[in-house]
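Visitor: The primary structure of each chain is shown beneath.
There are 2 protein chains.
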Amino acid sequence: MAKLRLDISMSLDGFVAGPNPTVEEPLGAGGEGLHEWVFGLASWRESHGHSGGAVNVDSEVVQESIDATGAVIMGRNMFGGGEGPWGEEPWQGWWGDDPPFHVPVFVLTHHAREPLEMQGGTTFIFVTDGIEAALEQAKAAAGDKDVLLAGGANVAQQYLAAGLLDEAQIHLVPVLLGGGVRLLDHVDPGKVGVELTRVIESPAVTHLRYRVVSGAR
Amino acid sequence: MAKLRLDISMSLDGFVAGPNPTVEEPLGAGGEGLHEWVFGLASWRESHGHSGGAVNVDSEVVQESIDATGAVIMGRNMFGGGEGPWGEEPWQGWWGDDPPFHVPVFVLTHHAREPLEMQGGTTFIFVTDGIEAALEQAKAAAGDKDVLLAGGANVAQQYLAAGLLDEAQIHLVPVLLGGGVRLLDHVDPGKVGVELTRVIESPAVTHLRYRVVSGAR
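Protein chains in written order, with the numbering used here: chain A, 1 to 217; chain B, 1001 to 1217.
Note that these hints are calculated values from the structure, not bench results.
Note that CB positions come from ideal geometry on N, CA and C, so glycine has one too.
The reader is advised that the hints may include incorrect statements.
[Stated by the list, open to error] Computed Cβ-Cβ distance ranges for the label pairs, DEER-style:
hint: 1; chain 1: A; residue 1: 26; chain 2: B; residue 2: 1186; range: 33 to 39 Å
hint: 2; chain 1: A; residue 1: 36; chain 2: B; residue 2: 1144; range: 52 to 58 Å
hint: 3; chain 1: A; residue 1: 3; chain 2: B; residue 2: 1019; range: 44 to 50 Å
hint: 4; chain 1: B; residue 1: 1022; chain 2: A; residue 2: 164; range: 29 to 35 Å
hint: 5; chain 1: A; residue 1: 56; chain 2: B; residue 2: 1186; range: 32 to 38 Å
hint: 6; chain 1: A; residue 1: 136; chain 2: B; residue 2: 1023; range: 44 to 50 Å
hint: 7; chain 1: A; residue 1: 36; chain 2: B; residue 2: 1060; range: 40 to 46 Å
hint: 8; chain 1: A; residue 1: 211; chain 2: B; residue 2: 1032; range: 38 to 44 Å
hint: 9; chain 1: B; residue 1: 1039; chain 2: A; residue 2: 162; range: 54 to 60 Å
hint: 10; chain 1: A; residue 1: 36; chain 2: B; residue 2: 1036; range: 57 to 63 Å
[Stated by the list, open to error] If you want the footprint, here are the derived chain A segments under chain B, 3+ residues with CB under 8 Å:
hint: 11; stretch: 12–22
hint: 12; stretch: 143–157
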């Protein structure tokens, strides 16, 4: 049975994006610093169509996630921002002609749209009937692999609150952002809890894996 | 030269105390769960006047902190709550006749009071002229050992903002509290940053040690 797995980089002060996003800094002030650990890795570069890069414990963690992923779920902001102008014109999102997913990607949105087939195995499928429907479709597409919940924070919080998230791998990055988008906001400890299942460390980032369980109180 | 070192347990969602503290739950709803990892450890039990207990990687981390500490700084709430009735009567705080510190403890308060000498080597010294004065006195008392910043969050934030904190060891506990007192709130990344220097893991808790540095932007 496919698991739903969150895999996300978080600052030590709990943010997955910095404050005041702009066109120049779409991840907010300092937000790019959350992802610096990943850009030079061989596994990340390969998924983005580049050769070379570092092979180390961080690249192994990334490769493991790529290998385990049969489908992806993301929010509309992560696909392409905002709510429009998807209905009117063929806006194809942030991810270029050959997106780095190489599997079906289910995008949560309120705007119905035909599936968008890209190069390299990525197809964006737009789901308008909610998080449970998206999960059902993604699990069917993933076969015996996992469904990766790519973000953002709001979508992660919805799946967490609904008790639908099985596992969370948080890449805890030694940066402070001071504001922005918190990953673990509005959590109800009466409904959900976590159990630590694995820690992998490197100088750049701490990879913390948790099983998500029903709340303890 | 003595370092100022923060050593504190934090929930995965960033809290060092839960919401809605009461007489029965002074650490707030679920807050006790932040410290469960420590109660059974031999090193913690010894500092609290008990024998026995578990000897493992967690107890080593606690023992290391105890051994390195020559003086402690804490806020008034951590000593004994609120602002009164210290002036009128000999309220001796939460910590009993033989507090677990066994070194001089500098308490930040607005109420002047004579030092309070307890059993077992703990003396509470009440400092009314601010965080820098407290640090100066604590460093003098610590000799060649460190000054431990015991908390709470508000005091930690003051020392962090003032650029006076040298090191932070965060015991990241796999619990979700959903609200309460955040450790890393009101951080200005223009002034302070962190560098990861050590990770020690156990099934119960992840011990993350950071060097505190000047801000990157």
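Visitor: Hint by hint, note whether the structure agrees.
Guide: Tested hints:
no. : hint                       : in the structure
1   : A:26 - B:1186: 33 to 39 Å  : violated, 25 Å
2   : A:36 - B:1144: 52 to 58 Å  : violated, 37 Å
3   : A:3 - B:1019: 44 to 50 Å   : violated, 31 Å
4   : B:1022 - A:164: 29 to 35 Å : holds, 33 Å
5   : A:56 - B:1186: 32 to 38 Å  : holds, 35 Å
6   : A:136 - B:1023: 44 to 50 Å : holds, 48 Å
7   : A:36 - B:1060: 40 to 46 Å  : violated, 32 Å
8   : A:211 - B:1032: 38 to 44 Å : violated, 22 Å
9   : B:1039 - A:162: 54 to 60 Å : violated, 34 Å
10  : A:36 - B:1036: 57 to 63 Å  : violated, 35 Å
11  : 12–22                      : holds (count 3)
12  : 143–157                    : violated (count 0)
Violated hints for the displayed structure, listed by number in ascending order: 1, 2, 3, 7, 8, 9, 10 and 12.
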